[in-house]
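Line order of the protein sequences matches chains S and C.
Going left to right, the first sequence walks through residues 39 to 469 as our numbering numbers them.
Going left to right, the second sequence walks through residues 39 to 469 as our numbering numbers them.
Some clues are possibly wrong.
Quick look at which bits of chain C chain S covers, simulated, 3 or more residues with Cβ under 8 Å [claimed, not checked]:
| # | stretch |
| --- | --- |
| 1 | 154-160 |
| 2 | 275-285 |
| 3 | 324-336 |
| 4 | 368-378 |
Selected chain C positions facing chain S (Cβ under 10 Å, derived; list incomplete) [to be verified]:
| # | residue |
| --- | --- |
| 5 | 39 |
| 6 | 40 |
| 7 | 58 |
| 8 | 68 |
| 9 | 69 |
| 10 | 173 |
| 11 | 341 |
| 12 | 349 |
| 13 | 399 |
| 14 | 400 |
Here are a few chain C residues that sit away from chain S, every Cβ distance over 10 Å (derived from the structure) [as the list claims (entries may be wrong)]:
| # | residue |
| --- | --- |
| 15 | 66 |
| 16 | 70 |
| 17 | 96 |
| 18 | 120 |
| 19 | 224 |
| 20 | 263 |
| 21 | 271 |
| 22 | 365 |
| 23 | 419 |
| 24 | 439 |
| 25 | 444 |
| 26 | 459 |
Bear in mind the hints are in silico, worked out from the structure with no lab data behind them.
Backbone N, C-alpha and C define an ideal beta-carbon position, used for all residues, glycine too.
Number of protein chains: 2
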Amino acid sequence: MSSVKIGLLGLGVVGGGTWDVLQRNATEIARRAGRDIEVVAVAVRDTAKARALLGDSVRISTDAMEIVRDPNIDIVVELVGGTELAREWVLESIAQGKHVVTANKALLAKHGNEIFAAAHERGVMVAFEAAVAGGIPIIKAMREGLTANRIQWVAGIINGTTNYILSEMRNRGVSFAEALADAQRLGYAEADPTFDIEGIDAAHKLSLLASLAFGIPVQFSKAHIEGITSLAQEDIQHAQRLGYTVKLLGITRARPEGIELRVHPTLIPADSMLANVQGAMNAVLVHGDAVGQTVYYGAGAGALPTASAVVADLVDVARLLNAAPEQRVPYLAFQHDAMADTPILPMEEVQSAYYLRLRVDDRPGVLADVARILASAEISIGSMIQEPAGDHADIMFLTHEAREGAINGALSQIQSLPFVRSAVTRLRVEA
Amino acid sequence: MSSVKIGLLGLGVVGGGTWDVLQRNATEIARRAGRDIEVVAVAVRDTAKARALLGDSVRISTDAMEIVRDPNIDIVVELVGGTELAREWVLESIAQGKHVVTANKALLAKHGNEIFAAAHERGVMVAFEAAVAGGIPIIKAMREGLTANRIQWVAGIINGTTNYILSEMRNRGVSFAEALADAQRLGYAEADPTFDIEGIDAAHKLSLLASLAFGIPVQFSKAHIEGITSLAQEDIQHAQRLGYTVKLLGITRARPEGIELRVHPTLIPADSMLANVQGAMNAVLVHGDAVGQTVYYGAGAGALPTASAVVADLVDVARLLNAAPEQRVPYLAFQHDAMADTPILPMEEVQSAYYLRLRVDDRPGVLADVARILASAEISIGSMIQEPAGDHADIMFLTHEAREGAINGALSQIQSLPFVRSAVTRLRVEA
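Chain S on its own, in the form it takes in the complex (with noise of 0.2 Å):
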């Protein structure tokens, strides 16, 4: 059979191992695939580097469009980044007819519904398993893998930087700056690290991971998101102590009024899969009403184990180039006219144990007049631990499930009490 033949928009990390991948494992990929799969043009902005990593037998231009507009290119390969020229290039491979294999989540949180209407007019694929938890085929595992089931939540460490900056203030017991320096120094976090940080990368993802889970068009700008950013080290260390670790987490949750869509840092119990997920690694956790808990882990970023799903996603569109649509996956697992208007959940309305902390005069009734106000909120406690803190206290509570806007009520209540000496601290807890 003839090659596939592709066009790559990027060479930078991810299209430099995507390159090296589709280079050095030829034979192995074409013995599973049933043919080749063959770069013959690349789109970069420095030709001369380009040239000197793919030699001679592929074009290199400068401009994306071209590559695009190429006829003899069966899939287009967006390996960029960016939302706004990504998307022209996206929407105008679609338009050419051309099959679409891309990484780039923020791309797919923003425009993914847009995207996957103009493929589905155009009769073409739109592959993405690189876009969340890189080498991991969590895509694949939802998309196919669990069809039987009536999946009930996700949870899913999905940022590499802030998980390595956790780990390392669990480990070491450094500040959120210090472990935050360490992964800039060490490459992983990135000069700015706004994005992973403050949780919109993990919310990026998790946005797409809702919609393959509920069948819910992408609705990233509903998600609550919450970073590691203000994260002090002696509440991980109370967490510890209470036999949790701190994740950043998201989550999505199918309740009887909704969806929660969620990001923020979470305590989840210390012997738990997910709490042993160390350093810049990934997991998500899938939970289906027949096959129950099911857990995927791997590396989350990086050149090669993004690569290692690019090229996945290569594989399946290949061996789907010419089929009718309806023998190929759904862009987002359930077929297109069969997506749900389920609404996503208003923060106020999510529902989740709490941990809170409280730093107090240390004086009696303190702890009644706490306690009187969660009871006045329907909030029940699971445990509390009070511990002095030179001349007031610390009180850590654990809740039971609350809603989440009871438990705001309650806290601008507990914050106002004369003896409370400094902002309450309020972070989720999952069983």
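Once you've looked at the hints, dock chain C against the given chain S.
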């Protein structure tokens, strides 16, 4: 689109679970598959019991062959188990041009090559996600999710019964016999637990994973198999003190000379992902040259988790019912004409690190003699503990990686030393 017609052989635990999942999640499944999946006929021994479960709309027969030959049926789902009748039904289904879904690892371990060859010849699919690790989509991950990789090794906890027993031995300090009796009482082990505790079931599954990893024919008969029946509580405790947990692993690894294929109790680092797999859960680690280490975790058995895998296969097969063979994923991950004849290494050629325990007379020169034998076999020692045990002493070694043949030679010499008091215990270690 018209519904896909299923003939179900067997309505036991997994058959009943499959029926259940197809009924209760029918809408969800059709929203994904794009068409209904309908069980039209079931073969069982007890028709009255089946009728009570299935109602009147499904044809019930005591003759599996009749269902296999029913021209209305698109896919035969074999969930009876056993290897002889099942082989006949599956081969006849293929001859009739029907696709097959099976959960039967023993069948595929024994007759897989014959079955896949017949299916290839006839142009039909044989899907078997449920045959390995229950609900975990590990076949899909290896066949499709990791196609970019040269897979280097696979290590799996792929038998829930033995993992339950080992978890109990570790967590509660009970003997193998006690843990087995508990497992039987709780339904985690069968009345005749031989297949599980002797490692045979794990070896069935491992021989399939090896084929998927390396593109070799199924070679169950060449697997080295050791169960857990002679595992002593004291070795579990020593392992724990050395920082290890003992798990029954199926391991397959590509070496330059050939492929290792072995099931045995194994010491693995206590903080590794696999070490934290508790109870009857399963997990499979796959190491690829691009992706690095990935792990897949979930329920390895049970009605609904196994049904989850069966139904996922049904959705896959339903999508590609009339696709051209080259559009389908190859049975064993690699194209039928691109399989390799890489040899399975004899156990003597396998390389591993080892844990050794010797009970010796507590007198001078003992350690020197043992160390001399290991040194002359070029086995280097990573760490050692000696401790008094009444009037004798126990010595535990952890060796660096060595050839199994060299260890065997050294052990037989050590065993014949006059001061060695009982059989030397030898367990393999994975880093």
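Checked hints:
Judged by the Cβ-Cβ criterion of 8 Å, the stretch 154-160 of chain C is not covered by chain S as claimed, because only 0 of its residues qualify and three are needed. Coverage of a stretch by a chain is defined here by at least three residues with a beta carbon nearer than 8 Å to that chain's beta carbons; for the stretch 275-285 of chain C and chain S the count is 0, and the condition is violated. For the stretch 324-336 of chain C, the proposed coverage by chain S is satisfied: 11 residues have a C-beta within less than 8 Å of a C-beta in that chain, meeting the threshold of three. Check result for the stretch 368-378 of chain C against chain S: holds, 5 residues qualifying (beta carbon to beta carbon below 8 Å, three or more required).
Because the smallest distance between the Cβ of residue 39 of chain C and any Cβ of chain S comes to about 7 Å, under 10 Å, the interface hint for this residue holds. Residue-level restraint check for residue 40 of chain C is violated (minimum Cβ-Cβ distance to chain S is 12 Å; threshold 10 Å). Evaluation of the residue 58 of chain C hint against chain S yields a held restraint, the C-beta minimum of about 8 Å falling below 10 Å. For residue 68 of chain C, the shortest C-beta to C-beta distance to chain S is roughly 8 Å, which falls under 10 Å, so the interface hint holds.
Restraint check, residue 69 of chain C versus chain S: the minimum CB separation of about 4 Å is within 10 Å; hint holds. Interface hint at residue 173 of chain C: satisfied, since its Cβ lies 4 Å from the closest Cβ of chain S, which is below the 10 Å cut-off. For residue 341 of chain C, the suggested interface contact is upheld, since its CB lies about 9 Å from the closest CB of chain S, less than 10 Å. Annotation: residue 349 of chain C was flagged as interfacial toward chain S, and the flag holds, the nearest CB pair being 3 Å apart, inside 10 Å.
Because the closest C-beta pair between residue 399 of chain C and chain S is about 42 Å apart, greater than 10 Å, the hint is violated. Restraint check, residue 400 of chain C versus chain S: the minimum CB separation of about 39 Å is more than 10 Å; hint violated. The beta carbon of residue 66 of chain C is not kept farther than 10 Å from every beta carbon of chain S, the shortest such distance being approximately 5 Å. Not every CB of chain S is more than 10 Å from the CB of residue 70 of chain C (nearest about 5 Å), against its label as outside the interface.
Every CB of chain S lies more than 10 Å from the CB of residue 96 of chain C, the least distance being 19 Å, so the non-interface label holds. No beta-carbon of chain S is positioned within 10 Å of the beta-carbon of residue 120 of chain C; the least distance is around 24 Å. For residue 224 of chain C, the condition that its CB be more than 10 Å from all CB atoms of chain S holds, with the nearest at approximately 17 Å. Consistency note on residue 263 of chain C: stated as away from chain S, and its beta-carbon is indeed over 10 Å from all of that chain's, at 27 Å minimum.
Even its closest Cβ contact with chain S, about 22 Å, leaves residue 271 of chain C beyond 10 Å, as expected for a residue assigned away from the interface. Residue-level check failed: residue 365 of chain C sits 5 Å from the nearest beta carbon of chain S, not beyond 10 Å. No Cβ of chain S approaches the Cβ of residue 419 of chain C within 10 Å, the least distance being about 29 Å, so the stated non-interface status holds. Every C-beta of chain S lies more than 10 Å from that of residue 439 of chain C, the closest at about 24 Å, which supports listing it as non-interface.
Consistency note on residue 444 of chain C: stated as away from chain S, and its beta-carbon is indeed over 10 Å from all of that chain's, at 32 Å minimum. Annotated as non-interface, residue 459 of chain C keeps its C-beta farther than 10 Å from every C-beta of chain S; the closest such distance is 39 Å.
Violated hints for the displayed structure, listed by number in ascending order: 1, 2, 6, 13, 14, 15, 16, 22.
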